[in-house]
Amino acid sequence: MDEALNFHYDVDGENFTSAGNASVQVKRKLRQLGFPPELIKRVSIAMYEGEINMVIHANGGKADVLVTPEVITIVLADEGPGIADVALAMREGYSTAPDNVRSLGFGAGMGLPNMKRYTDSMDIQTKVGVGTTITMTVRVS
Amino acid sequence: MKIAKVKELLEAELLCSGEDLENEVFSACGCDMMSDVLAYVKNQAVLLTGLVNPQVVKTAEMMDMRCIVFVRNKRPTPEMMELAEDSGIVMLATSFTLFEACGRLYINGLRGEAE
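Chains S and A, in that order, are what the protein sequence lines are.
Each residue of the first sequence is one higher than the one before, starting from 62 at the first, in our numbering.
Each residue of the second sequence is one higher than the one before, starting from 160 at the first, in our numbering.
The shape of chain S in the complex, shown without the other chains:
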């Protein structure tokens, strides 16, 4: 591929069942584009965690993935409650997810740390009462 590709998804916040659909689609597209499996895994895990977070905490949002031969950029933007203490939210095991989310297998407080771990850079812009935008990049080589 020579040109940059941009994929846009609206993440539905109403329905936990459909959470992760955008990440599944991105994973399949990256496979078709022939990226290495390890790179695809990192991008899709980071995006999936972010997508789940948007559904749990922010009633959904928008996901944009920019793919170039050098770098893959994931931008997740929501108009949710914002993150009051980013350092605390980044701590492994810290979670504000409700109990019903834990019964669905999530809310262990590993989402944000995991997103950072699987990407080369992660930037969090957030304002309480306004929303959160997370930008992650994964270098191709």
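Because the hints were derived from the structure by calculation, they are not lab data.
Be careful, since some hints might not be right.
Claimed, not checked - List of simulated lysine-lysine pairs, BS3-like, C-alpha gap at most 25 Å: (1) A:Lys201 with S:Lys102; (2) S:Lys90 with S:Lys123; (3) A:Lys161 with S:Lys102; (4) A:Lys201 with S:Lys177; (5) S:Lys90 with S:Lys177; (6) A:Lys233 with A:Lys166; (7) S:Lys90 with A:Lys201; (8) S:Lys123 with S:Lys177; (9) S:Lys177 with S:Lys188; (10) A:Lys161 with A:Lys201; (11) S:Lys102 with S:Lys123; (12) A:Lys233 with A:Lys161.
Unchecked claim - To spell it out: a stretch of chain A is covered by chain S in this simulated footprint if at least three of its residues, at any positions, have a beta carbon under 8 Å from a beta carbon of chain S; those stretches are: (13) 190-199; (14) 202-214; (15) 221-233.
Keep in mind that this is a model prediction, so the values were computed, not measured.
Backbone N, C-alpha and C define an ideal beta-carbon position, used for all residues, glycine too.
Starting from the known structure of chain S, arrange chain A on it as the hints suggest.
Below, chain A alone, put in the same frame as chain S:
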């Protein structure tokens, strides 16, 4: 261990076969917390779980897992079956508990860490 052997050891029912049962898998994990699977699992090909919702299949797909075993006779929904077929993931159902199912695979050579 071949996926067919996993099925045999767990006396499991084959629910959908997105992948050849003769293919080899080398490691497994047993977990109901998908958050932990996403955070701690490395290259495990088989997921044994008692959790039933579409996020189980999506988590397995994100982690490049090849086989999901539902324990305690739990059954996936039609939506999960469709998702697994599209993703090329084998799904099995066993009547054993998570502990018993993991133990049976372990004593027959399947390990927690990939080679």
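Status of the hints after comparison with the structure:
1. A:Lys201 with S:Lys102: holds, 11 Å
2. S:Lys90 with S:Lys123: Roughly 18 Å between the alpha carbons, so the hint for S:Lys90 and S:Lys123 holds.
3. A:Lys161 with S:Lys102: holds, 24 Å
4. A:Lys201 with S:Lys177: holds, 16 Å
5. S:Lys90 with S:Lys177: With Cα atoms ~22 Å apart, S:Lys90 and S:Lys177 stay inside 25 Å; holds.
6. A:Lys233 with A:Lys166: Roughly 15 Å between the alpha carbons, so the hint for A:Lys233 and A:Lys166 holds.
7. S:Lys90 with A:Lys201: With a Cα-Cα distance of about 23 Å, the restraint between S:Lys90 and A:Lys201 holds, given a limit of 25 Å.
8. S:Lys123 with S:Lys177: It holds: about 19 Å lies between the C-alpha atoms, which stays within 25 Å.
9. S:Lys177 with S:Lys188: holds, 20 Å
10. A:Lys161 with A:Lys201: Roughly 19 Å separates the two Cα atoms, so the pair holds.
11. S:Lys102 with S:Lys123: Judged against 25 Å, a Cα distance of about 21 Å means the pair holds.
12. A:Lys233 with A:Lys161: Satisfied, since the Cα-Cα distance of roughly 23 Å is no more than 25 Å.
13. 190-199: That given contact holds, which follows from 7 residues of the segment 190-199 of chain A lying within Cβ reach (below 8 Å) of chain S.
14. 202-214: holds (count 4)
15. 221-233: holds (count 3)
Hint compliance for this structure: every hint is met.
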